[in-house]
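Undergrad: Listed here are the chains, written in short residue letters.
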Amino acid sequence: MQKVLIANRGEIAVRIIRAAQELGYPTVAVFSDVDRAALHVRLADEAYNIGPAPASESYLRIDRILDVAKRSGATMIHPGYGFLAENQAFAQAVADAGLSFVGPPPSAIYAMGDKVRSRQAMIAAGVPVVPGTSEGLTDEQVLATAPGIGFPVLIKASAGGGGKGMRRVDRAEDLQDALAAARREAQKSFGDDTVYLEKLVEGARHVEIQVLGDQHGHVIHLGERECSMQRRHQKVLEECPSPAVTPELRERMGAAAVAAAKAVGYYSAGTCEFLLDGNGHDFYFLEMNTRLQVEHPVTEFVTGVDIVKHMLRIALGRKLRVKQEDVEWVGHAIECRINAEDPYNHFLPSTGRVTSLQEPSGPGVRVDSALYEGFDVSLYYDPMVAKLIVRGQNRPDAILRMRRALAEYRIAGIRTTIPLHQRLMDMTQFISGFYDTSYLEQHFTMTHVEGRGFDRIAAITATLLAHQHRSDAINRLAPVGDSEWKRFGRRQGMRVSL
Amino acid sequence: MQKVLIANRGEIAVRIIRAAQELGYPTVAVFSDVDRAALHVRLADEAYNIGPAPASESYLRIDRILDVAKRSGATMIHPGYGFLAENQAFAQAVADAGLSFVGPPPSAIYAMGDKVRSRQAMIAAGVPVVPGTSEGLTDEQVLATAPGIGFPVLIKASAGGGGKGMRRVDRAEDLQDALAAARREAQKSFGDDTVYLEKLVEGARHVEIQVLGDQHGHVIHLGERECSMQRRHQKVLEECPSPAVTPELRERMGAAAVAAAKAVGYYSAGTCEFLLDGNGHDFYFLEMNTRLQVEHPVTEFVTGVDIVKHMLRIALGRKLRVKQEDVEWVGHAIECRINAEDPYNHFLPSTGRVTSLQEPSGPGVRVDSALYEGFDVSLYYDPMVAKLIVRGQNRPDAILRMRRALAEYRIAGIRTTIPLHQRLMDMTQFISGFYDTSYLEQHFTMTHVEGRGFDRIAAITATLLAHQHRSDAINRLAPVGDSEWKRFGRRQGMRVSL
Amino acid sequence: MKYKATVDQRDFTLDVDRPGELIVDGENVSVDLMSIDGENLYSLLVDGVSYDLHVERREGLYTVIIEGDRYTVDVGDAHLKELIAMSRRGHEEHGGAVIKAPMPGLVVKVLVAPGDAVAADQPVAILEAMKMENELRNPAVGIVKQVNIVPGQTVNMDDVLIVVAPPEVETVDSASTSPAAVDVAAPPEPAS
Amino acid sequence: MKYKATVDQRDFTLDVDRPGELIVDGENVSVDLMSIDGENLYSLLVDGVSYDLHVERREGLYTVIIEGDRYTVDVGDAHLKELIAMSRRGHEEHGGAVIKAPMPGLVVKVLVAPGDAVAADQPVAILEAMKMENELRNPAVGIVKQVNIVPGQTVNMDDVLIVVAPPEVETVDSASTSPAAVDVAAPPEPAS
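Residue numbers (the numbering used here), protein chains in the order written: chain A, 1 to 498; chain B, 1 to 498; chain C, 1 to 192; chain D, 1 to 192.
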């Protein structure tokens with residue numbers, strides 16, 4: 001009998017618990033001190049504390065996680081994304097403990113884990129790569145080489161991912177500061193401040209290919225995801241399929257991704273990230289994420305393939321059931337990442353207790369979330385607290401559905417990026433599908449939609465509440481009795497002030 | 001520009017608002033005094049009060065609904081199910097007011113609205129029907145005819161539906177009482193106490209066929225739904241496809257349903273209910289529901305056809321886009337009806353405020369619900385407050401997914417039938433698919449699953465809470481200070497008593 | 001601090017002493033109970049096994065719902081038990097059975113009058129709620145002592161509708177109605 | 001009862017008199033506001049149009065979120081306005097700007113020292129939260145008067161981190177920092 005330990009937290013731990021439960025496997029959660037009441041702890045069959053809030057003392061502690069695996073009798077460990085997901089030593093330690101690591105072999109993590117190394121492997125495998133340096137550089141080398149590649153240039157952390165340790169530099173005089181910041185962030189995030197330089201391909205889209213391989217050498221791809229809507233190099237929303245990818249291009253990119261995976265002996269789920277040139281034809285390999293991706297649900301929604309269940313089966317040595325020719329892309333899916341950040345105030349992180357929560361549902365809507373009413377969003381972990389995913393018959397259908405789902409979504413107590421997504425769904429550039437990785441940061445600001453007269457509605461609301469506030473104050477001075485104001489208290493479900 | 005008025009409340013009003021919004025149509029809600037804060041009011045673009053809580057003074061008031069349509073400039077009226085959905089006069093009044101009725105023509109409602117009349121029409125159209133009387137009967141006729149048909153026999157209201165005004169009679173001496181009760185219920189529910197008799201086909205399944213037709217004479221079917229899991233003639237859960245229906249049988253039943261619809265000039269969505277004989281081959285037409293059905297989501301999930309959107313398009317005179325040969329049934333869907341009833345106490349209705357709510361989501365899960373945290377479930381309307389629908393690759397997948405979704409579902413403040421469904425998902429008869437309409441009432445009781453040691457867990461929980469309760473009481477007598485007990489208050493998210 | 005907890009006729013002895021630990025029938029277990037919503041929802045870890053619980057407290061009894069199974073737990077020490085016994089005697093003074101409204105609703109029909117002899121399981125009234133008629137039945141044989149309702153009347157949950165006295169004078173001990181049955185009152189059967 | 005409501009520099013005059021009605025800039029409207037969760041969520045009907053609102057009240061200002069648009073509303077009468085003006089003067093005594101922590105976090109770097117002249121928009125500190133570095137910038141030109149933080153320190157939301165005095169002695173009127181800017185405090189820009 002299998003038992004699955006999930007070495008993660010948040011929505012992805014919940015996602016993996018759901019998949020395991022649907023396969024009939026008991027689940028084991030791990031949690032830090034601040035996560036005792038987290039949703040993944042509540043939903044798992046077993047749960048064990050692995051240390052204090054900082055990840056370095058809990059979710060990154062290989063020893064403690066393996067200890068829990070031993071105590072609980074877990075047979076498999078799924079790392080999710082982030083934390084130890086792309087840590088070769090962890091994958092190896094899991095295998096050494098006689099357990100199944102739900103992910104690729106350590107050798108593939110190693111081969112793809114360093115961007116410089118993976119670049120060389122891809123060049124050898126005939127997969128196209130972005131022009132740039134291909135080695136870890138000293139500060140002097142960075143300063144000397146950058147002007148030759150030409151500005152804008154990207155400083156990237158070899159061990160990096162998700163935009164951490166990455167800096168765009170537009171002018172030579174900014175190079176030194178940016179380099180220091182990138183190294184500091186890389187050192188902090190990955191314990192490794194090695195960096196390299198890369199040409200910034202402008203007008204480019206970020207398009208990635210999902211691959212799935214088994215331990216018997218079969219590798220297929222599940223098509224692309226469009227990830228160009230980014231802010232500070234963090235993806236904000238994703239689509240499947242990409243509005244920029246034709247069936248012919250999908251086939252070429254898919255073949256490149258499969259070749260990349262095979263070149264490093266890959267199995268399990270993985271994602272090859274590509275830059276797609278503004279010409280819509282050329283693409284360049286950026287990196288391979290050797291793990292489950294945040295945005296995997298859009299692919300699941302249009303292909304009908306449950307990627308997490310496949311990962312679990314593959315880890316047990318099962319053969320891939322889906323053949324490349326069976327993969328079909330039906331309809332269109334969009335994912336909005338819901339971050340605990342304030343879009344009206346420079347996307348500052350927002351922490352605190354969720355005082356009210358209403359998630360959208362109904363046809364074609366999926367929410368992968370770690371929230372519940374009463375849950376405390378802490379400052380220790382990633383600000384992404386939920387994902388809203390919809391599927392429609394086609395892209396316009398999906399956009400309309402996303403609009404209605406976003407309109408239904410209520411999260412009170414913390415600020416979230418829901419309003420950002422509501423604006424994006426109304427923007428011509430998004431609706432048309434013509435956007436690149438620079439759109440969100442360079443051409444978008446949170447502004448009100450004009451002409452809806454909502455300022456008047458806001459004035460009415462605030463005045464009614466102020467009036468009630470005042471009346472309450474007056475009432476406190478008046479003798480207690482069957483006063484009209486008493487009936488208009490602030491109790492839930494009560495009419496206000498009228 | 002179209003604008004859709006929804007002449008209904010609860011989850012179905014929410015469902016229709018979602019469909020209209022996804023088509024870009026503004027929506028108009030109507031509400032009774034107790035529904036001012038209901039979800040359909042909050043989600044609609046406009047909302048108008050139509051009277052006091054009793055349906056006869058609000059949701060059944062044709063005049064007030066048409067008045068709201070006029071004031072709001074609505075162009076279409078969707079009746080949902082129940083209330084005025086199968087009221088020919090309402091459909092006619094809507095048309096007379098120059099608005100589109102989102103449903104079949106009044107003539108089809110008339111033809112199918114009376115079971116005696118529809119029976120005769122079906123016999124004429126060559127659709128097989130259940131043995132029984134085919135006319136409204138006097139009390140004397142009922143007493144005289146019943147023994148001839150043989151017991152058990154069903155007394156059914158001509159105007160009835162959903163088990164109202166229906167009584168099973170096993171012995172001649174029970175006939176009189178049952179008849180009186182049936183007439184009383186029929187008179188009250190439908191304003192018409194006409195009844196007829198029908199042979200009770202034992203070991204039968206209740207299988208229904210979804211049809212969809214346009215105003216240009218095209219009628220297709222979307223396959224069957226299995227509805228045999230019933231209690232007091234109310235459906236409890238539904239499946240698509242039915243475990244008892246082969247592709248060959250589906251084709252025959254589908255053809256019969258299409259013939260039935262065509263015989264009465266049907267368009268829009270409708271459902272032909274059949275009794276499927278225990279032999280798995282013969283089927284008998286029971287009635288046609290000339291409206292959207294509660295359980296339509298299971299069909300939507302496996303066919304990918306959005307029935308409500310189609311109804312709206314058809315009402316505007318659009319041609320059916322889906323051809324019969326395009327309809328495919330992929331995977332398996334199950335719907336659990338979540339009623340505000342206590343399964344541990346004879347399914348007594350449970351009303352009150354929802355104090356805590358957590359709905360399941362994730363892959364393959366859909367919730368159609370009228371609940372939110374803080375909502376008051378009133379005793380005025382139907383106890384069905386939500387529907388949980390899941391889809392899996394196949395029936396076992398769907399059952400496993402339903403189990404995990406039910407385990408995630410939390411509704412506090414009212415009692416619900418979630419525990420009933422959790423038990424059903426564990427029952428051999430349900431898992432095997434071999435159940436008929438008698439199963440739930442005759443062979444099922446709510447019992448604990450043995451051997452899980454949950455009595456011990458319950459004892460631990462109650463003791464810890466009692467200990468805390470006692471400690472709190474002690475603490476109230478002790479001087480206020482940095483007492484250990486203070487930290488273990490009953491505040492949310494706090495550790496209890498330790 | 002020792003407790004006795006009775007769950008569906010099974011007794012457990014629990015010793016709450018050190019934080020995070022509990023001795024259950026002599027066995028040490030580690031426990032960690034957290035409130036989730038400040039009201040009914042709790043998360044419990046028992047030796048690492050995770051339970052998400054729904055708990056209600058009513059008239060001194062705890063109702064605990066675990067994965068759809070519902071348990072009623074009676075926790076107490078000697079003193080508490082005595083108090084409960086006293087409150088039970090109070091109940092029994094009302095007679096054979098006190099039939100309360102199990103939900104808010106509309107009285108459709110009253111089937112008995114004061115002085116009527118009623119059999120166990122005999123229907124005594126019909127109550128309508130949420131569009132369904134519900135038959136209320138008498139739990140134990142007796143004589144109708146009091147009828148507080150008329151057809152057309154709206155009643156609230158737990159309103160006392162009908163009081164039934166025991167058929168003969170009996171000792172308190174031989175009146176075998178369980179306290180739970182009195183509290184829950186006359187579970188009505190579905191109309192047949 | 002007459003109110004003046006200011007929404008993003010636009011003024012509305014509202015007269016609350018009869019229940020269910022409101023006169024907005026001379027126009028009669030029917031209104032019906034209901035609390036949904038007892039805290040932040042409201043349902044509002046204005047002449048039949050339905051709005052589902054998120055409202056927060058902070059320092060006398062109402063923040064109303066409608067379909068993702070966020071509005072800050074200042075409601076008051078003459079007396080209230082005066083009180084608000086007084087509280088603003090209190091703020092301005094602190095100098096050119098009071099830079100508060102916009103969220104809880106860890107101080108990574110402090111880029112200024114007391115006595116430094118700082119330009120508008122100049123970074124003054126780097127605060128880390130949720131694994132991201134956030135640059136805090138100085139909103140208006142001035143002289144650093146006070147630095148309350150050191151690298152490695154954890155700060156809570158709204159802690160006063162740095163106080164900046166105006167560069168020259170100015171009259172209160174010419175100090176053009178808006179009250180909103182002072183309240184929200186130093187909106188940091190993303191690190192480039």
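Hints listed in this document are in silico derivations from the structure and should not be mistaken for laboratory results.
Note that this is a predicted model, so its numbers are computed, not measured.
Here a beta-carbon is modelled for each residue, glycine too, at the ideal position from N, C-alpha and C.
Just to be clear, a hint being listed does not mean it is correct.
Using 30 Å as the maximum straight-line C-alpha spacing, the simulated DSSO-like pairs for lysine-lysine come out as follows [claimed, not checked]:
#  : chain 1 : residue 1 : chain 2 : residue 2
1  : A       : LYS188    : D       : LYS109
2  : C       : LYS109    : B       : LYS188
3  : B       : LYS3      : B       : LYS309
4  : D       : LYS145    : D       : LYS109
5  : A       : LYS262    : A       : LYS323
6  : A       : LYS3      : A       : LYS323
7  : C       : LYS100    : B       : LYS188
8  : A       : LYS323    : A       : LYS309
9  : B       : LYS199    : B       : LYS188
10 : B       : LYS319    : B       : LYS3
11 : B       : LYS323    : A       : LYS323
12 : B       : LYS323    : B       : LYS70
13 : A       : LYS309    : A       : LYS262
14 : D       : LYS100    : A       : LYS188
15 : D       : LYS100    : D       : LYS145
From chain D, some residues computed to sit far from chain A (all C-beta separations above 10 Å) [said to hold, decoys possible]:
#  : residue
16 : ASN28
17 : ASN134
18 : VAL141
19 : ALA165
Undergrad: Each of the hints needs a verdict: does it hold here or not?
TA: Structure-based check of all given hints:
| no. | hint | in the structure |
| --- | --- | --- |
| 1 | A:LYS188 - D:LYS109 | holds, 14 Å |
| 2 | C:LYS109 - B:LYS188 | holds, 14 Å |
| 3 | B:LYS3 - B:LYS309 | holds, 14 Å |
| 4 | D:LYS145 - D:LYS109 | holds, 18 Å |
| 5 | A:LYS262 - A:LYS323 | holds, 16 Å |
| 6 | A:LYS3 - A:LYS323 | holds, 28 Å |
| 7 | C:LYS100 - B:LYS188 | holds, 25 Å |
| 8 | A:LYS323 - A:LYS309 | holds, 16 Å |
| 9 | B:LYS199 - B:LYS188 | holds, 25 Å |
| 10 | B:LYS319 - B:LYS3 | holds, 20 Å |
| 11 | B:LYS323 - A:LYS323 | holds, 29 Å |
| 12 | B:LYS323 - B:LYS70 | violated, 36 Å |
| 13 | A:LYS309 - A:LYS262 | holds, 21 Å |
| 14 | D:LYS100 - A:LYS188 | holds, 25 Å |
| 15 | D:LYS100 - D:LYS145 | holds, 14 Å |
| 16 | ASN28 | holds, 12 Å |
| 17 | ASN134 | violated, 7 Å |
| 18 | VAL141 | holds, 20 Å |
| 19 | ALA165 | holds, 25 Å |
Taken one by one, the earlier hints fail for this structure at numbers 12 and 17, listed in ascending order.
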